[in-house]
Amino acid sequence: MSEDSVEKRLDEISPRRRKLLTWLTGGFLSLWGLGFAWVVAAFVKPPRSPRSLAERVLKIGPIDSLPIGKAQLVRHGRDPIFVIRTDEETMVGLSGVCSHLHCVLNWDDQQQVLDCPCHEGAFDVNGNVLKGPPPRPLKRFRVETRLGQIYVHL
Amino acid sequence: MSRDKSRILDWFSRRLNLTEIFSLLTSYGLFYAELDTRKHLREALDEALERPVVSYGRWPRVLGLIVVVLIALEILTGALLGLYFLPTPQTAHASLGTILRDVNFGWFVHQIHFWGAQLLIAVLIVRILRFFIQGVYRPPRELVWVFAALLLLVCFHLDLTGRALPLTETAYWSSVRALEVVKAVPVYGAFMIFLTGGGELFVTDLTLLRFYVLHVALFPALAVTLIYLHFSTIRRIGLTEGAGDKKRVGRAALRNHLVNLAIILTILFAFLVTLAVLTPLPFQREADPYATVPGVGPPWYLLAPFGFLELTSGVLPQWLAGLVLFLAFSAFLVLPFLDRFRVDTRRRWVVPAIAIAVVVAWVVLTIYGARVA
Amino acid sequence: MMTRNQAWYVVLLVALLMTVPEGVVAAEQCGVCHPESRVAFAESIHALEQVTCTSCHGGDAATQDVERAHRGSFRSLRDRLATPAICAACHSDLKQMSAYNLPVDQYAVYQTSQHGMAVAGGDPRAAVCIDCHGSHEIHAADDPRSSVAARNLPGTCAVCHSDEELMGHYGLDSGVVADYEAGIHGQSLLVAGNLAAPNCTSCHGVHGATPPGVGDIDKVCGACHVQTRRAFLDGAHYQGMTEAGIPECESCHSNHAIQRRDVDSIDTLCADCHGDGSDQVLLGNKIHTLIEAAAAEVDKAENLALEGQRAALDVEDHLGRIEEARTYLTEALPLAHAVSLEPVEQVTRRARSIGEEVQHEIYAKLDRTEAHIGLVVFWFYVFMTLVILFMLKRRMSSGGEVT
Numbered sequence: 001m002s003e004d005s006v007e008k009r010l011d012e013i014s015p016r017r018r019k020l021l022t023w024l025t026g027g028f029l030s031l032w033g034l035g036f037a038w039v040v041a042a043f044v045k046p047p048r049s050p051r052s053l054a055e056r057v058l059k060i061g062p063i064d065s066l067p068i069g070k071a072q073l074v075r076h077g078r079d080p081i082f083v084i085r086t087d088e089e090t091m092v093g094l095s096g097v098c099s100h101l102h103c104v105l106n107w108d109d110q111q112q113v114l115d116c117p118c119h120e121g122a123f124d125v126n127g128n129v130l131k132g133p134p135p136r137p138l139k140r141f142r143v144e145t146r147l148g149q150i151y152v153h154l
Numbered sequence: 001m002s003r004d005k006s007r008i009l010d011w012f013s014r015r016l017n018l019t020e021i022f023s024l025l026t027s028y029g030l031f032y033a034e035l036d037t038r039k040h041l042r043e044a045l046d047e048a049l050e051r052p053v054v055s056y057g058r059w060p061r062v063l064g065l066i067v068v069v070l071i072a073l074e075i076l077t078g079a080l081l082g083l084y085f086l087p088t089p090q091t092a093h094a095s096l097g098t099i100l101r102d103v104n105f106g107w108f109v110h111q112i113h114f115w116g117a118q119l120l121i122a123v124l125i126v127r128i129l130r131f132f133i134q135g136v137y138r139p140p141r142e143l144v145w146v147f148a149a150l151l152l153l154v155c156f157h158l159d160l161t162g163r164a165l166p167l168t169e170t171a172y173w174s175s176v177r178a179l180e181v182v183k184a185v186p187v188y189g190a191f192m193i194f195l196t197g198g199g200e201l202f203v204t205d206l207t208l209l210r211f212y213v214l215h216v217a218l219f220p221a222l223a224v225t226l227i228y229l230h231f232s233t234i235r236r237i238g239l240t241e242g243a244g245d246k247k248r249v250g251r252a253a254l255r256n257h258l259v260n261l262a263i264i265l266t267i268l269f270a271f272l273v274t275l276a277v278l279t280p281l282p283f284q285r286e287a288d289p290y291a292t293v294p295g296v297g298p299p300w301y302l303l304a305p306f307g308f309l310e311l312t313s314g315v316l317p318q319w320l321a322g323l324v325l326f327l328a329f330s331a332f333l334v335l336p337f338l339d340r341f342r343v344d345t346r347r348r349w350v351v352p353a354i355a356i357a358v359v360v361a362w363v364v365l366t367i368y369g370a371r372v373a
Numbered sequence: 001m002m003t004r005n006q007a008w009y010v011v012l013l014v015a016l017l018m019t020v021p022e023g024v025v026a027a028e029q030c031g032v033c034h035p036e037s038r039v040a041f042a043e044s045i046h047a048l049e050q051v052t053c054t055s056c057h058g059g060d061a062a063t064q065d066v067e068r069a070h071r072g073s074f075r076s077l078r079d080r081l082a083t084p085a086i087c088a089a090c091h092s093d094l095k096q097m098s099a100y101n102l103p104v105d106q107y108a109v110y111q112t113s114q115h116g117m118a119v120a121g122g123d124p125r126a127a128v129c130i131d132c133h134g135s136h137e138i139h140a141a142d143d144p145r146s147s148v149a150a151r152n153l154p155g156t157c158a159v160c161h162s163d164e165e166l167m168g169h170y171g172l173d174s175g176v177v178a179d180y181e182a183g184i185h186g187q188s189l190l191v192a193g194n195l196a197a198p199n200c201t202s203c204h205g206v207h208g209a210t211p212p213g214v215g216d217i218d219k220v221c222g223a224c225h226v227q228t229r230r231a232f233l234d235g236a237h238y239q240g241m242t243e244a245g246i247p248e249c250e251s252c253h254s255n256h257a258i259q260r261r262d263v264d265s266i267d268t269l270c271a272d273c274h275g276d277g278s279d280q281v282l283l284g285n286k287i288h289t290l291i292e293a294a295a296a297e298v299d300k301a302e303n304l305a306l307e308g309q310r311a312a313l314d315v316e317d318h319l320g321r322i323e324e325a326r327t328y329l330t331e332a333l334p335l336a337h338a339v340s341l342e343p344v345e346q347v348t349r350r351a352r353s354i355g356e357e358v359q360h361e362i363y364a365k366l367d368r369t370e371a372h373i374g375l376v377v378f379w380f381y382v383f384m385t386l387v388i389l390f391m392l393k394r395r396m397s398s399g400g401e402v403t
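Residue numbers (the working numbering), protein chains in the order written: chain A, 1 to 154; chain B, 1 to 373; chain C, 1 to 403.
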């Protein structure tokens with residue numbers, strides 16, 4: 001509908017309806033303010049997980065979920081981490097990728113070693129090279145338990 | 001309802017000079033005349049709203065208010081971003097990541113802040129061109145020009161310092177390129193490098209923090225002050241009467257103009273939001289100060305001086321090229337006081353010709369700068 | 001007759017000699033006439049371990065009298081053929097070597113080598129101990145200065161094995177060291193400096209230097225390329241090549257000038273032996289396609305993940321899975337040596353499905369439909385506002401009252 005016809009109709013309508021229309025218009029325009037306030041308020045509300053802190057400490061899960069002699073692969077970008085529980089108290093965090101060609105390692109329960117599926121490299125629980133082509137030992141990460149939860153420090 | 005409103009207004013009016021407080025707002029481009037602060041606010045406003053103003057129907061006149069609104073928007077979005085941004089080399093990039101990823105509307109606020117700044121600079125450039133072509137530097141409007149030109153330069157600095165803050169790859173190197181231009185200019189370049197904590201190197205540990213302080217405190221304060229001064233001169237002198245304005249004097253009252261302003265601001269805001277949603281600035285990897293990213297030039301508005309430096313390197317010694325830039329920017333600032341342009345009514349073509357020459361040179365150098373970058 | 005003074009000097013000299021270790025003095029006495037040998041020797045591992053000139057050369061080191069020094073047990077060692085036995089006098093003695101944890105079987109092993117057999121046959125041109133290890137300037141094998149240190153060894157072998165005339169005499173190829181240096185092993189060792197990369201002795205043996213026989217190549221290469229060998233032994237190539245007497249790994253990879261074989265080479269390699277259009281070529285193409293297709297999916301997924309990163313998405317987990325997929329792709333190459341579809345298919349299928357999954361998930365995350373719908377709603381709102389404003393403007397300019 002063209003503006004002219006709107007104009008004419010506005011002139012024709014009764015003062016009562018006209019007042020209603022003014023109210024509607026005012027209400028419509030004040031939605032701008034509402035929307036604006038909503039965006040600002042939503043922005044100011046802090047997000048649930050502040051990533052900046054989470055990026056430095058990785059929560060793995062309850063300590064009971066990791067039996068002695070078992071290992072858990074924790075996904076962390078291109079460099080996953082193995083958390084290995086060697087005994088009741090001790091837990092070791094090792095880089096999960098081979099220092100040779102960056103293949104993701106496998107944990108061998110029986111031998112207690114990390115095997116590389118690509119070229120038969122192997123690492124012990126301290127990250128030392130046991131055999132195969134890897135040129136360097138694995139990078140180590142600090143693991144700690146707090147309130148029964150395992151955390152890895154990146 | 002309206003009775004209640006006026007009662008509240010009266011209550012305050014007896015205790016506060018509302019008109020005086022409101023007149024502070026007029027310093028930022030809303031009214032181009034002084035309010036009578038002795039009168040009641042409503043009375044003063046009614047008077048001001050009905051005051052006929054010079055050809056308000058002409059759209060270029062709203063550029064000033066657009067500048068004010070954009071700066072206000074920048075301050076608001078900047079303050080919001082400041083709630084999450086951590087200006088240290090270790091956290092800057094990650095905290096922008098948090099804003100973009102985790103904070104509600106974080107990406108939107110960031111994009112509005114970025115595109116608002118680009119739009120602000122573009123509007124300021126168009127505005128200064130209008131001033132030049134319409135002669136808004138002739139007496140008694142020398143200061144209008146000087147303040148507007150200074151405002152443009154301050155906004156360059158605001159954008160430059162802001163761009164580098166998140167330490168993303170291209171932003172960082174873009175800033176380094178820009179600092180190369182800055183450094184080439186004598187006196188001023190040395191001062192800026194000193195101010196940002198850089199010595200021989202452009203970027204040190206302190207640079208990010210200094211950029212941050214400059215970006216959130218010093219330059220915004222400077223910009224707001226300049227706008228105040230700028231509109232003070234306009235209120236003192238009155239608006240310019242350009243060619244063809246005279247016959248339309250008094251046709252429109254201020255209140256009509258305010259509606260026009262509302263229309264243009266709505267369109268502007270819609271444009272800005274569309275830019276922010278459809279062409280978002282990509283979130284790049286964190287910059288590695290030891291690995292130059294090839295093909296990154298300075299920001300678009302500095303491509304021309306950058307192109308000039310690249311063009312003359314090898315031909316002119318660097319200090320001379322820098323001196324030329326310095327003289328060019330100085331001439332730009334003190335244009336009203338260069339005798340040649342004072343009054344030149346007989347040869348009306350001279351000024352547009354120079355304007356066109358300057359614009360063409362700028363565009364050509366910009367294209368050249370973009371190609372060599 | 002000596003004067004009294006001279007007699008005192010002699011006493012003083014004797015006293016001095018008694019305070020200095022024997023070996024040093026002995027070297028010193030020989031070094032008076034043989035300064036170059038003495039200087040070279042002083043740097044060597046033998047000097048450090050108190051081996052003296054006389055240990056190898058015999059004679060009397062205590063005198064400066066030329067004739068007396070070169071008398072009795074003295075050996076010139078100009079007879080090259082005799083040197084191995086002289087070295088073995090100590091190096092095959094378990095008593096002396098056990099303290100250094102050195103093996104004592106080198107001499108025995110050497111005698112079984114091509115070099116040792118030639119020497120036994122009286123060939124003076126064949127390599128003896130000093131040709132590789134040097135004579136006076138011998139260093140421990142892991143000393144970077146040693147002529148047999150990993151990175152120096154190819155050059156040491158090249159002294160003889162790149163000598164066209166000498167090799168021609170034995171009907172051997174004089175280009176082997178140059179080939180090795182151009183190959184991936186040589187590049188890795190000599191250019192990249194990877195000391196774990198194989199040098200000549202890794203395949204040919206150290207003291208028992210012998211070229212591996214046709215049936216043994218897979219064992220030699222398999223010492224490092226374990227997975228590849230395992231797959232190869234499982235495949236049809238192993239039995240067929242053994243029966244036909246075709247050298248195994250060498251046939252496709254060459255012996256010394258080994259180049260990195262990328263996946264693309266499968267296409268041409270199969271046809272080289274099996275002929276164009278054969279079933280085997282078809283199989284090769286299939287394996288090639290499997291690996292290529294999986295790699296392409298993983299590449300696509302990675303590019304998409306990086307694009308997501310630019311759009312500030314959280315793609316950490318996806319990048320981790322892409323790494324996992326890349327592991328499967330790396331595994332696929334050794335498995336391709338089984339020349340059968342199934343093992344390759346197993347790993348490439350996993351890599352591929354990870355790539356596809358990641359792509360789907362990131363596509364879903366990159367989807368901006370919501371933002372675009374929001375934009376449309378916003379524009380509708382803007383349009384309505386503009387209509388209201390224009391109406392207001394119109395009424396004002398037509399002199400209507402203002403609410």
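To be clear, the hints were calculated from the coordinates, so they are not data collected in a lab. Among the hints, erroneous ones may be present.
[What the hints assert, rightly or not] Calculated pairs, BS3-like style, for lysine-lysine (alpha carbon to alpha carbon, straight line, at most 30 Å):
1. B:Lys5 x C:Lys393
2. C:Lys365 x A:Lys45
3. A:Lys59 x C:Lys365
4. A:Lys45 x A:Lys59
5. A:Lys131 x C:Lys393
None of these values were measured; they are calculated from a predicted model.
How the hints compare with the structure:
The hinted pair formed by B:Lys5 and C:Lys393 meets the criterion: a straight-line CA distance of about 25 Å does not exceed 30 Å. In summary, the hint linking C:Lys365 to A:Lys45 is supported, as the alpha carbons are separated by about 23 Å, within the 30 Å threshold. With a CA separation close to 24 Å, the supplied pair A:Lys59 and C:Lys365 stays within the 30 Å bound. For the proposed pair A:Lys45 and A:Lys59, the alpha carbon gap of about 24 Å is at most 30 Å, so the pair holds.
A threshold of 30 Å between alpha carbons decides the hint, and for A:Lys131 with C:Lys393 the separation of about 84 Å lies outside it, so the pair is violated.
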